[in-house]
Amino acid sequence: MKRSEFRLQAVPEPESIPPEGGTPKRRTIMNENYAELMPTFPLFKGFTANGAKRLLDSGEVKQHEAGAVLLKEGDSADFVLLVLSGKLEVFVDREGQHLVLTEAEPGDILGELAVLCGIPRSASVRAKDNAAVLEWSDEAFRTLLLRDPSLSQRIFREALRTLVEKERSLIDSVIDAQEEAHKSYSADK
Amino acid sequence: MGFLDTLIRDPKYQNQAPRKPDEINEPDIIISPDTRRDNRIPPGQSRTKKWPVLDAHGTPPVDLANWKFEVDGLVENPLAFSLDEFMDLDVVKVYSDFHCVTRWSRLDNIWTGVPAREIARIAGVKPEAKFVLALAYDHGWTTNVPMEYFLKEDSLFAFLHDGAPIEPEHGGPVRLIIPQLYAWKSAKWVRGVSFLAEDQAGFWEEGGYHMRGNPWNGGDGERFRW
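Same order as they appear, the protein sequences are chains A and B. The numbering of the first sequence is my numbering, which starts it at 4 and goes up by one. The numbering of the second sequence is my numbering, which starts it at 6 and goes up by one.
Pulled out of the complex, with its shape left as it was, chain B reads as follows (with noise of 0.2 Å):
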């Protein structure tokens, strides 16, 4: 396939070498840490250029005038939102790398979104959670995140990737973006999030997976816990 069929057929195609973090000229954008890493790419994983797909049921129909964000669990003010109010919220732009546990890294992301803390801060999210479990459009799939990764400053709810809409297959509308762990836990057409005090297993993570899935920590990042 020629440059410019690969460019016609995937627009998202990276033909350049990754920008590195001071070369984002985008004023207030916040820098994701492991971007500024000598070596970007964590152990046990590659650069693709593309974007690959990757789901665990296909992707979703997902009715935008009935889309609904939920905010429950142990918060003070349990929240809705209308696709439209939630965007009217305030939003941020990271610019992060992304690790996928299958082995593949895409580095040199920009998202904008509202900010994870954002909507703990208006939840009024009680002292007592811990963990946040994601949850989604696709079959009631759920993510467990730690309170700690969740509260990073690059955190955030995307609903633009490089400035354009996020692609249902990508996880549009909203997507949750967790860019300090693997991307299974950066829930896709996100819905709604739980917060808890005891850890609890979704999805992935039924199936042997990583409670936290820090691609940085061990020899081959935690994938697995097996």
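In isolation and in its complexed conformation, chain A is listed as follows (with noise of 0.2 Å):
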């Protein structure tokens, strides 16, 4: 066997705790409970909590005080979020009109598509409730996507649920405004 032939390659070591994670050894705490936690979550069925784990410290834990705004529509799509704990809101601001869409609740991803798309924000995210959050930055969730086929595909299924329920619901709401233009035009007659 020809020895040299073999290509060695220098892997980087896992990135180190960055200074707004709080101090190492209260981040891992912190981690070890939602490693706990994260298994409860239908999308990290069949997870352990080591599994968990490894997902925890490929991202960061944030903490949110309720009313501070998460995602904001419009920005530039970097990161993912995991919702741990807490309420979320998805909403749009419209023509000074505050139109909440959906409750993001824990087990919930926010801001995949943009993110998988690279389009900006489609809405914004705040905390109804003191929430926390796992954010993945855009990079650290493709690798989770492309190393873990089942993962991606329980991820995938989610999105797309989501969209189809999206499309239903502006269906419904195209009909109801034929109806009411239906309606408004046999008044006026």
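Think of the hints as simulated: they come from the structure by calculation, not from any bench. Quick caveat: nothing in here was measured; it's all calculated off a predicted structure. Among the hints, a few may not be true.
Unchecked claim - Beyond 10 Å from chain A on every Cβ pair, some chain B residues (computed):
| id | residue |
| --- | --- |
| 1 | D39 |
| 2 | Q50 |
| 3 | P132 |
| 4 | E210 |
| 5 | N219 |
Stated by the list, open to error - Below 20 Å or equal to it, Euclidean Cα-Cα: the simulated EDC-like pairs (lysine to aspartate or glutamate) are:
| id | chain 1 | residue 1 | chain 2 | residue 2 |
| --- | --- | --- | --- | --- |
| 6 | A | K48 | B | D225 |
| 7 | A | K48 | B | D204 |
| 8 | A | K56 | B | D225 |
Quick reminder that beta carbons are idealized off the backbone N, C-alpha and C, glycines included.
Fit chain to chain and form the complex, with the hints in mind.
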């Protein structure tokens, strides 16, 4: 065997603790608590706490106070969120109106479509209560999807289901609008 | 891409239909039983003529001078081999197919290496050992394999594929090959095995992948635990 043929590649060490992540010890304890919680979310069914901890370690857990805006419509999309605790509100502001599109709960993923499609955020997200989210950079999120076909299958299924629901509700509102228009047309006559 | 380009760029490209086990003209080669099936492609899989590269962390640096293979856990004789010592052990050749959980199957492979059952024999595995945890050089990557499959005649620690050293991206210098399970159980860059009484989830298994991973069981193979 020609040993010189073996190509040796340097593998970067995992990143050290980011400064805003709290002290390493505190961050570790926090991640361990969420690692127990994550396998109870349908998206991570079958994960062990260790498996969940790896997902946590590949991103960063962030705490947000009620009212904080986590995503802003129109912003460029460079991270994906997993809701760990608390409720969030997905909304758009149009012509002075605050329109709530949906609510997100623990276990929901937010912002993945904009990241995957490379488009700006299509809606804003704010915390209704104090909330904790796991934030993956777009690169970390893409790596997760590429490396783990089972997880990507689940995430895509969930994302597409949300899109189908949106389409359905769009059709419903078009039909409602037509009925309204028809009613007012009949009333005018 | 033309045919010649394909060959030049990818020497592992399979341009031919897969051979049948009876056409393998190698004395004493072990024929993996699944290659004798009428349909060699398990449910939900399709044949690739290439050899895709998948891993959890990229190809790790493996220092061949300090390469070590260690055997511990429920054994009479814990073992440690250098690369030279490991390659001096008795070797076998195995003809087998290779089924990745990401739904491709690479048929028609010949592996050369140390039989897994030979490692179990030298180490003196205790009767209470029922599972094997294979350990790899990439960031503590592991996978769990039931003893029953580890001891199959066609399971081996391979260092040659089709007669050539296994490329680093395919798990060289030495990788485990368990032909009768999905290929993630065939740990790349293997650095040892631990014999266990209780099953212990490995890297992908901790992410919901199947504890056994038999591609022929169930309607779609034993891929996930969900």
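Indices of hints not satisfied (ascending): Violated: hints 4 and 8.
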